[in-house]
Amino acid sequence: MSDHAEKNARPPATAAETSVFDSYDARIDALPGSSAVRRMRDRLMSELQDQRLPHRRMEAWHYTDLRTLLKAVPEAFGTGGEAKGVAPLVDGSNVLTVNNGEASVEGAPEGVSVSRFADRLNDESVVEFLAAQGPEDAVSRINGAFVSDGLVVDVAPGTVLDAPLEIQAVHSTGQAHTRFPVTIGKGAKGSIVERQCASGEGAAFTSSITDLTVGDDAEIDWIILQEQGDADTHLARVNLRLGANAKLMLYVVNAGGKLVRQEVRAVVEGEGSDFKLRGINLLGGESHTDVTMVLDHTVPSTTSTEVLRNVVFGKAHGVFQGQIRVAQAAQQTDAQMACNTLLLSDDADFSAKPELEIFADDVQCGHGATVADIDKNHLFYLMSRGIPAARARGMLVYAFLAEVVEELDDERLVPALESVIAEWLRANG
Amino acid sequence: MLEIKNLHARIAEDGTEILRGLNLSIAAGEVAAIMGPNGSGKSTLSYVLAGREDYEVTEGEVWYKGENILELDPAERAAKGLFLAFQYPVEIPGVATMQFLKTALNEQKKARGEAELTTPEFMRQVKQAAGELKINPDMLKRPLNVGFSGGEKKRAEILQMALLAPQLCLLDETDSGLDIDALKIVADGVNALRSPERAMVVITHYQRLLDYIVPDTVHVLYRGQVVQTGDKDLARELERNGYADLIEQHAA
Chain A
1 MSDHAEKNAR PPATAAETSV FDSYDARIDA LPGSSAVRRM RDRLMSELQD QRLPHRRMEA
61 WHYTDLRTLL KAVPEAFGTG GEAKGVAPLV DGSNVLTVNN GEASVEGAPE GVSVSRFADR
121 LNDESVVEFL AAQGPEDAVS RINGAFVSDG LVVDVAPGTV LDAPLEIQAV HSTGQAHTRF
181 PVTIGKGAKG SIVERQCASG EGAAFTSSIT DLTVGDDAEI DWIILQEQGD ADTHLARVNL
241 RLGANAKLML YVVNAGGKLV RQEVRAVVEG EGSDFKLRGI NLLGGESHTD VTMVLDHTVP
301 STTSTEVLRN VVFGKAHGVF QGQIRVAQAA QQTDAQMACN TLLLSDDADF SAKPELEIFA
361 DDVQCGHGAT VADIDKNHLF YLMSRGIPAA RARGMLVYAF LAEVVEELDD ERLVPALESV
421 IAEWLRANG
Chain B
1 MLEIKNLHAR IAEDGTEILR GLNLSIAAGE VAAIMGPNGS GKSTLSYVLA GREDYEVTEG
61 EVWYKGENIL ELDPAERAAK GLFLAFQYPV EIPGVATMQF LKTALNEQKK ARGEAELTTP
121 EFMRQVKQAA GELKINPDML KRPLNVGFSG GEKKRAEILQ MALLAPQLCL LDETDSGLDI
181 DALKIVADGV NALRSPERAM VVITHYQRLL DYIVPDTVHV LYRGQVVQTG DKDLARELER
241 NGYADLIEQH AA
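Protein sequences, first through last, are from chains A and B.
Under the UniProt record's numbering, the residue at position 353 of the first sequence is numbered 353, and the numbers go up by one with no gaps.
Under the UniProt record's numbering, the residue at position 250 of the second sequence is numbered 250, and the numbers go up by one with no gaps.
Some clues are possibly wrong.
Derived pair list, reagent style SDA-like, types lysine to any residue, alpha-carbon separation capped at 20 Å [stated by the list, open to error]:
| id | chain 1 | residue 1 | chain 2 | residue 2 |
| --- | --- | --- | --- | --- |
| 1 | A | 376 | B | 94 |
| 2 | B | 109 | A | 391 |
| 3 | B | 141 | A | 216 |
| 4 | B | 141 | A | 406 |
| 5 | A | 276 | A | 338 |
| 6 | A | 376 | B | 109 |
| 7 | B | 141 | A | 407 |
| 8 | A | 247 | A | 286 |
Think of the hints as simulated: they come from the structure by calculation, not from any bench.
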């Protein structure tokens, strides 16, 4: 009875919520998977119907009230052929494509085996994998209910990727929901680029989850480049685990989208391992972009650093939530977090919420956040040499980001990212 | 080339008036020294001429090559051939020196409708100018002015001046912070740029610099006005007697 009463107390569904629920009913029969997967999808959707979209009273969603921000959701689903691929970020990359949620296994280099996640959905073992991680995990619920495909990627132990491996997810309009279980074998090295791009004019509603397991001694840069259109909503999550002495740099570049939530759920569980989160948020127009990280250090002698550089123009809003939890056993943890923002308009804003939860006594942990405008003395100096205001501002914005750009291990990625930034500044600066 | 008429300027933030009816006329080919005690408005004059936003012109005109330039922004003034060598050049981390130099050169050329420099041509010019100013090429691989010593910063300013080839050069206390060897190098660099088409305004507190960059005219600034004009002997006289007589005379 009380359950019934609570349901009655819920506010009416928003237009976006109604579209999500209706599109599930219309879509479910066409989605791949065993009957067990179907039951899991139904469960995730019914949880979502109970809870509705996350809102500001949920702690993890305080700065990104999806209920208010998400105005509309397209009910249609794109089909593979409509989305056109783009040139890889770095020439000579090995490119794997997912077009409107339909994956192709062509393009894997030696040492990398790839299969479709759609096939995995017929396997009983995938069911628990689709479950949400707690009551506020709306991204996993939406993704698990709708996921149609994606790529299962295994990098064999000892593999060294000569060229970046680029996973290119291209969306035209409508919905697409994908999943990428990725296993990096012991000692493997290389750079992997995950791109989220738009090829259509209309609004897209997409979700993507990457489950990344980095084996012992592996050294990987994982670059997420978000370049969707200015009407698009993207809900994303990376679940990652690091083995002993593994090094992972997760490098998130947000340079597109109307409403973007990028969650990072990191578990540093191998002794001697090092996790880096680097974020470049290029925010303009009326966009809302949120990077939310929860990081656990669970074993002794691990390190992590998080550096975010945010550039905010127009009426854009940015959010970074970074929670570092150091377990009692995790002595000699060294974790440092910094979030620096350049606010370039009076209507722009950025919310930073660092949180440290430390249960071990022998640790080094710190965090810092700054917000500033372009330095007037710098601007005058450049202009006094004949560099016009807009160009000078662009140079100074780039200067603010340069330190992070130069951290990329693969030198080919540096000029590639420089041109992404330059292009973005030309369009939005 | 430069005609300043009854120029009044104040600090935008607090309204403090610094220039109070300044008149000055400088011909092409002339090297004019501006001297004066601290607080007389020397640096303000250079900033107002370069177009710094922190100062507000309340009255007067600045004619440069027949155009009142007060409405132009700093970049437009630079493209028309005005150059300020800063007293304190700022360090800008993240901006590569070479890229900055190339952008400045080519943006000025673009604004004047001239062809942009190719990379090899640019490199050749930088190498030559750096050699003449005894600038270590490694310095140019660093971010703009970052970690440069005081003397290196001043030399880098003169390097920029040589590359940009301006027609009106404003040198603001270029001698401050330089030892005698560095001063000679900088002065040689400046002297090499003297030409009948180019005017220079050398702002300095001390006579010392003027032993190496010998001026055609010397103008004494006091309380935001030019109160005395003469030739290089005036600078020597000020060096002997200081500014005390002058201050007394104008206080009366």
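Taking the numbered hints from earlier one at a time, note which ones the structure violates and give those numbers from smallest to largest.
Hints 3, 6, 8 are the ones this structure does not satisfy, whereas the remaining hints hold.
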